[in-house]
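With chain A's structure known, arrange chain B on it following the hints.
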Amino acid sequence: MSDNSLRVIWVYPDLLSTYGDQGNVLVVERRARQRGLQVERYDVRSDQAVPTSGDIYLIGGGEDRPQRLAAERLRRDGGLNHAVSNGAIVFSVCAGYQILGHEFVNDLGQREPGLGLLDVVSTRGEGARCVGDVLGDIDQPLGLPQLTGFENHQGITHLGPTARPFARIRLGQGNGTGDGTEGAYNDTVFGTYMHGPVLARNPQIADLLLKLALDVNALPPTDDRWYEELRAERITAATTPA
Amino acid sequence: MAGNTDPLSPRAKLAVTAGKAAAAVSRAAGRGSGSVIGGRVALKLDPDLLGRLATHLDVVLVSATNGKTTTTRLIAEALGAAGPVVSNALGANMPAGITSALAGGSDAKFGIIEVDEKYLAGVARDVTPKAIALLNLSRDQLDRAGETRMLAERWREGLSGSKAVVIANADDPLVVWAASSSPNVVWVAAGQEWKDDAWSCPSCGGVMQRPGDDWFCGECGFRRPTASWALNGDHVLDPHGSAWPIHLQLPGRANKANAATSAAVAAVFGVPPQVALERMYQVQAVAGRYDVVQFMGRDLRLLLAKNPAGWLETFSLIDPPPTPVILSVNARGADGTDTSWLWDVDYTRLAGHPIFVIGDRRLDLAVRLEVAGLDFRVCETADEAVQLAPPGRIEAIANYTAFQDLRRRVGN
Numbered sequence: 001m002s003d004n005s006l007r008v009i010w011v012y013p014d015l016l017s018t019y020g021d022q023g024n025v026l027v028v029e030r031r032a033r034q035r036g037l038q039v040e041r042y043d044v045r046s047d048q049a050v051p052t053s054g055d056i057y058l059i060g061g062g063e064d065r066p067q068r069l070a071a072e073r074l075r076r077d078g079g080l081n082h083a084v085s086n087g088a089i090v091f092s093v094c095a096g097y098q099i100l101g102h103e104f105v106n107d108l109g110q111r112e113p114g115l116g117l118l119d120v121v122s123t124r125g126e127g128a129r130c131v132g133d134v135l136g137d138i139d140q141p142l143g144l145p146q147l148t149g150f151e152n153h154q155g156i157t158h159l160g161p162t163a164r165p166f167a168r169i170r171l172g173q174g175n176g177t178g179d180g181t182e183g184a185y186n187d188t189v190f191g192t193y194m195h196g197p198v199l200a201r202n203p204q205i206a207d208l209l210l211k212l213a214l215d216v217n218a219l220p221p222t223d224d225r226w227y228e229e230l231r232a233e234r235i236t237a238a239t240t241p242a
Numbered sequence: 001m002a003g004n005t006d007p008l009s010p011r012a013k014l015a016v017t018a019g020k021a022a023a024a025v026s027r028a029a030g031r032g033s034g035s036v037i038g039g040r041v042a043l044k045l046d047p048d049l050l051g052r053l054a055t056h057l058d059v060v061l062v063s064a065t066n067g068k069t070t071t072t073r074l075i076a077e078a079l080g081a082a083g084p085v086v087s088n089a090l091g092a093n094m095p096a097g098i099t100s101a102l103a104g105g106s107d108a109k110f111g112i113i114e115v116d117e118k119y120l121a122g123v124a125r126d127v128t129p130k131a132i133a134l135l136n137l138s139r140d141q142l143d144r145a146g147e148t149r150m151l152a153e154r155w156r157e158g159l160s161g162s163k164a165v166v167i168a169n170a171d172d173p174l175v176v177w178a179a180s181s182s183p184n185v186v187w188v189a190a191g192q193e194w195k196d197d198a199w200s201c202p203s204c205g206g207v208m209q210r211p212g213d214d215w216f217c218g219e220c221g222f223r224r225p226t227a228s229w230a231l232n233g234d235h236v237l238d239p240h241g242s243a244w245p246i247h248l249q250l251p252g253r254a255n256k257a258n259a260a261t262s263a264a265v266a267a268v269f270g271v272p273p274q275v276a277l278e279r280m281y282q283v284q285a286v287a288g289r290y291d292v293v294q295f296m297g298r299d300l301r302l303l304l305a306k307n308p309a310g311w312l313e314t315f316s317l318i319d320p321p322p323t324p325v326i327l328s329v330n331a332r333g334a335d336g337t338d339t340s341w342l343w344d345v346d347y348t349r350l351a352g353h354p355i356f357v358i359g360d361r362r363l364d365l366a367v368r369l370e371v372a373g374l375d376f377r378v379c380e381t382a383d384e385a386v387q388l389a390p391p392g393r394i395e396a397i398a399n400y401t402a403f404q405d406l407r408r409r410v411g412n
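Those protein sequence lines, which keep their order, are chains A and B. If you use full-length UniProt numbering, the first sequence corresponds to residues 1 to 242, in order. If you use full-length UniProt numbering, the second sequence corresponds to residues 1 to 412, in order.
Bound-form chain B, shown alone:
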């Protein structure tokens, strides 16, 4: 399927050119990278463009609530061992952004594509992927995204006819439910700290039993599948029983899980785990996430956490007390406008850290932390928070637009 045997039609070529022109105009006008507007223009001229661009590629789709941008990057690094890669590395993960990214990679062999959870079924139909990596599903922006279980249901329907190899997390019951309609699944025991969206069996509604790392429904027999790949502490276990050490620069358990999944994806294309993992070690930061920046003479590590599951994984990777922590939360359109989810995050995990609170919705956070019985300072700006923070590297945790604000402020 790879190779350029099927050149683009004149119409598709025109669409790509028009899209690039629109992107250039958008960039010149200072309105971002232009990748989304370019893709939108191109798709309007040729609605089948996404599928046509993808016919030249071995496509891998990556979707999840958390970790999709990072995992897309890790897989892109790993598969770079087997040929040139094109990827929507900046996280523009809806059809227009994906189209735009693929239009820029005419010489590539692989297309590694991050897909927004809501669009996975449609994109999987359009681009005929070779592999689909599914990491996790949990509550996120419920005021606009709808129900988490319904998302799993839509994945399940969308994947039931797919010929792709599905690489799926055996530790997330919603992901297992979504993937198990697919005939060809590689299960990865990638773990998942957050469990509060899967106490109810996605199949029958029975109460889920979760002894240790196992899970099963007491009523219908839906249960955790046996995984052929696993994350085991600091090692990836492959299907042959070999354990490969993980030495990522990226911090945290969740990124080790992302690396395990990425190694399983790489193996589908014949790249051995050792080669795949070594290439992943080059990744330092992904679209600013995990970057350590200098600001006002201090070191700040920038951490993105958008929803309860993401905050939970982030708390487990920050340096221990008395490391100072800055928390920033907004509730603009891209964040979801409801801040109720803050109450699903266990902030008592921050006990002992000096805490500084900023962002549009710092008062919601202040009440949340007050009720959690924590000491904190509310600050007007990032500058004020950094100024007040005691010595040591500062961990700055922010949700989506708050993270963008922070990056802009610190010049990242």
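Just chain A, same shape as in the assembly:
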């Protein structure tokens, strides 16, 4: 973070941009600009080096083979790990979330090493795919309102001792472990199964990322009327039987 410019890196849109998670980048960009920041956005393709000097890195969900290819290329590149050691913020979704952990199960049914940036291990669920609206309470120290999102995954993610659950599920599957957890985070690295995209459904999470990147406790207010109406509608829909 230098002066009032913010560097936002969208990691591997060629592989991990299948489920609308590009929306997370758009929401971060928009909310940063509304606070008077100059945003430099970099879309880094998987045949390019991941810059190490970004402020916020966003990674989306993708299909099974692209997920393996992304993990291979990110491990080989090393840029993302380097950025995190520089204090960068990372926010990841679904396939991207699994890649940030120690390992996951790839499209060939094999255990694929991840980047080890989150203390989690992912396996593949035997049961039905987790698909549908999700409602949860975000981990209290983060001080954020209810989580709403849409999940669509087969993976199950187990948290190790240094990862905190990002949320506790009221409705839906989340990490799929049956213990009611959803997502994981440590100081600056976040992972979630939520699409929607999750930052459009929960703009306060986008603001949290901005506050962490700017190292501030508060941001100027924005007019969040449409976000609030959407949140209210989705929360009601999730809790009302069809």
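Please keep in mind that the hints were generated in silico from the structure rather than gathered at the bench. The structure displayed is predicted, hence computed values, not measured ones. Note that the Cβ used here is the ideal one computed from N, Cα and C, for glycine as well. Do not take every clue at face value.
What the hints assert, rightly or not - Residues from chain A that keep clear of chain B, each with C-beta distances beyond 10 Å, as calculated:
#1 G78
#2 N81
#3 G116
#4 R124
#5 D137
#6 D139
#7 N152
#8 H158
#9 R164
#10 R170
#11 N186
#12 L208
#13 V216
#14 P241
Unchecked claim - Which bits of chain A does chain B cover? Going by a derived footprint, with three or more residues having C-beta under 8 Å, they are:
#15 11-17
#16 24-34
#17 62-68
#18 105-114
#19 191-205
#20 227-238
Same frame as chain A, now just chain B:
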């Protein structure tokens, strides 16, 4: 293969009759056209009925993520020059609907059949088609349809043993991957605006290079085939190098591409491009799509767009600003229940248009447009949106069930 030399067995005849009776009951009960229920009843009585009905026909299958209903219609018009046609023109594109449509065409020479992407391999096995037209593949309803590349893989496996002539879009790497297992392919350079499902090589996973209109994998050598047919602006180029002007009533680049593919299909059956194209010009609207209707004293053009690739093609055909635009999105079963795909659509293309937002999921759209920095109005109903729209013909763009809702409301 055409002609009625192989009459239906008594069992097949009974199945057709039972299916028609079920359809009539369904219609009488006000539950739609009855074509799907009729087909289901018939298939239950005779599981091989689809194949048996098709033995009398020269069958053409049409599949894609977008444009299959329209292209099916264009091909049906074109081949009408060479003989009577039966077709599932209303878009009932799964085996039951297809069976029902074919059962209604005992005198036909050609069966022009739209097939849902997920069912193509199975239907191609059942009906022994003469030709298969493959237009494009892109992300669509990922919460229920599964992965786009896996669909291409299933097409590829299903087509590898087929004797059909495959007419395929050389500009879509996923379609090329699917078609290139087939021994007899006619490549059509039909173009494709949406590129975001094929940055990764379908063959080896390498990063795709896409300079200009070309594409190739930098790692394994999988590349764009040389096309014998092409869409070039407002013309179809045929394999002899002749350029045929396209004067469709249907709007947009995508429909010109559909016409180019349809002309290539017609040529397989000996219908020359000029004859084929002229017959296509009669098509004004397809199952309500592109129809201009009068509603509350205003002209509305009804446009269907179901997924990011479809919205992108639709944005390129609407009238320029300040033409008012109504957007309607639902997320019911037939639409897919996840609205995340709205964020893959570049709504900044609507800058300058007065925008009115309706549909079950208008709030998802509202947030999407807010983040895109656009001005818009959220309305409760189509009526309210039309009332508020400034003068001029209104472009109404809707996804699947939202489109049906809109048609019903405007009496189309």
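Consistency of the hints with the structure:
For G78 (chain A), the condition that its CB be more than 10 Å from all CB atoms of chain B holds, with the nearest at approximately 18 Å. Distance check for N81 (chain A) against chain B: the nearest CB is about 21 Å away, which clears 10 Å, and the non-interface claim stands. In this structure G116 (chain A) is separated from chain B by more than 10 Å, as the shortest Cβ-Cβ distance comes to about 23 Å. Against chain B, the non-interface label of R124 (chain A) holds: every CB pair exceeds 10 Å, the least being about 15 Å.
No Cβ of chain B approaches the Cβ of D137 (chain A) within 10 Å, the least distance being about 22 Å, so the stated non-interface status holds. The beta carbon of D139 (chain A) is kept farther than 10 Å from every beta carbon of chain B, the shortest such distance being approximately 23 Å. Residue-level check failed: N152 (chain A) sits 5 Å from the nearest beta carbon of chain B, not beyond 10 Å. The claim that H158 (chain A) lies off the interface holds: its Cβ sits roughly 25 Å from the closest Cβ of chain B, which is beyond the 10 Å cut-off.
Under the 10 Å C-beta cut-off, the non-interface status given to R164 (chain A) relative to chain B holds; the minimum distance is some 26 Å. Interface exclusion of R170 (chain A) from chain B stands, the closest Cβ pair being 19 Å apart, more than 10 Å. Here N186 (chain A) stays apart from chain B, with its beta-carbon at least about 26 Å from theirs, past the 10 Å limit. Residue placement check: L208 (chain A) keeps its beta carbon more than 10 Å from all beta carbons of chain B (closest about 17 Å).
The claim that V216 (chain A) lies off the interface holds: its Cβ sits roughly 22 Å from the closest Cβ of chain B, which is beyond the 10 Å cut-off. The claim that P241 (chain A) lies off the interface holds: its Cβ sits roughly 15 Å from the closest Cβ of chain B, which is beyond the 10 Å cut-off. Counting residues of the segment 11-17 of chain A whose CB falls under 8 Å from any CB of chain B gives 4; the rule of at least 3 is met. Counting residues of the segment 24-34 of chain A whose CB falls under 8 Å from any CB of chain B gives 3; the rule of at least 3 is met.
Requiring three or more residues with a Cβ within less than 8 Å of a Cβ of chain B, the coverage given for the segment 62-68 of chain A holds, as 4 such residues are present. By the rule of at least three residues with a Cβ nearer than 8 Å to a Cβ of chain B, the coverage given for the segment 105-114 of chain A is violated, with 0 such residues. Here the segment 191-205 of chain A counts 4 residues with a CB under 8 Å from a CB of chain B, which clears the bar of 3, and the coverage holds. Counting residues of the segment 227-238 of chain A whose CB lies closer than 8 Å to any CB of chain B gives 4, which reaches the minimum of 3, so the coverage claim holds.
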